[in-house]
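Enquirer: The hints should help you fit chain B onto chain A, whose structure is shown.
Residue numbers (the working numbering), protein chains in the order written: chain A, 1 to 261; chain B, 1001 to 1249.
Examples of chain A residues lying across from chain B (beta carbon under 8 Å, computed): (1) Ala-88; (2) Pro-91; (3) Gln-105; (4) Ala-135.
It should be emphasised that the hints constitute simulated quantities derived from the structure, not laboratory data.
The beta-carbon is built from N, C-alpha and C at its ideal position, and this holds for glycine as well.
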Amino acid sequence: MSHVSLRAVTRVYPARSGQAEVHALDPIDLELARGEFFAVVGPSGCGKSTLLDVMAGLSAPSSGEVVFENQLVKGVPPGIGVVFQEDASFPWLTVHDNIAFGLRQAGTAEGEVAAQVRYAIEFMGLKEFARAYPAQLSGGMRQRVCIARTLVLKPRLILLDEPFGALDQQTRLLMGDELLRLWRETGATILLITHALDEATMLADRVGVMSARPGRFLDVIPTGWPRERDSTIVSSESFGRLTSRIWTRLRGESIRALGRA
Amino acid sequence: MSASSIRILLVAGLVALLEILCRTGVIPNFTVIPPSAMAQSLWNILASGKFTPDIVATLTNVAIAIAAAMLAGVALGTALQGWPAARRVLDPLFATYYAVPMYAFYPLLIVIFGLGDLPQVAIGFLLAVMAVIINTLNGLDRVPPVLLKAARVHRLGPLAAALRVRLPCAAPYVFTGFKLAVAYSFIGVIGAEFITSSRGIGYEISFAYNNFDNGVMYAMILFILLLVITVNMSLHAWEKRLLARRRRA
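Here chain A stands alone, though its shape is the one from the complex:
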């Protein structure tokens, strides 16, 4: 049985003054198995972030339904963690308190909070910055704070919206490795939205290629990687073949999206 299902989900933004209504998502069907790593690529403005909002229960679908662990999603259900594209760190809290935020909200005992936060801080390489405020960190480090804040809650479904967009290429590869390690350790289901084709190919079990707006899946491509994998697969022969297959599928859509912009 699937962990998350989207059944004929659409999302229409109603017309506003001077603007016609926008169909962000065409009917989308998607089934994610428990523990699967699914990546979504698509031209900019194709409704990737809308898809994430609807899956997280942050916005309701205009029609169709989202089911998470056999429950219809209405509002954000427990067990879902989201890492946003924009910096969502809390500027009034230290790195430590940012990461502890959700645990404290859940009423976790303070000793347990301290232990978990310390582990997450080390895992994310933020050890020297535990007492720093986000304003004193680089964009990439702030994003790591947000990732840590999500992960300490041990979500069973993790939704990531271009989380590594602010990072340089080397750091991205290493963060990708960390994400894979974490995915294996926790057994969480992951949906990763990215504009980097190589990132999608390297990390995911399946890559969904979205069309220009209104977004729908043109193709879902299984990568066939073993569960034990890391960034060294980027140099393998099948990596190049997969990436170029995804790009072939995406190229026309990207041109369409550009031409319209």
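Expert: Below, chain B without anything else, positioned relative to chain A:
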């Protein structure tokens, strides 16, 4: 020379000038007494403890006005920010609020609250609360949408989201409201004490004025000046410390 040392020199120069003008008789002593005499008189008054009950009464009323304005202002501002329809109705009224001379309502406030401390507190509160409401709204309007999403992902209800995300994020703006509330509460309370009251710093200044007691009058004026300057400088320093951690290093 730095701006702050020029400022100190400027103030010291003006005080020295006033001292000379008073001592040489250019300004007669029944109009203004020399600053040194004000300080001497203030020292004697504070040492004698004669006006301590008045000072305590004023400070207590100011503190109550500030606390009430902060509580009501932050609560109303937060409620209104989440209720755009009501806000659209009230916004034009907010804009004209400070055009209303609040002291005109003093007789009404006495009818409602009697002759005790409450009318003074009410004037201070009325002057202060709007500054808190407006600055709270302003701060909450600027909370980045992604932080509101983060609050929802953490499954915070509306109240928890306000207390744990929206208001902390808006804190620098709320603090501006707080600074204004402090200033307006002093203005409101001490001003009201001038009109009808039987105690307080404002009352004592007015009483001394009516009895040609320049020694007491100027001493108490000096006291208010020093008090307000000290309070404002402390708030400013506190604000700077709070803001430092939120700015890029």
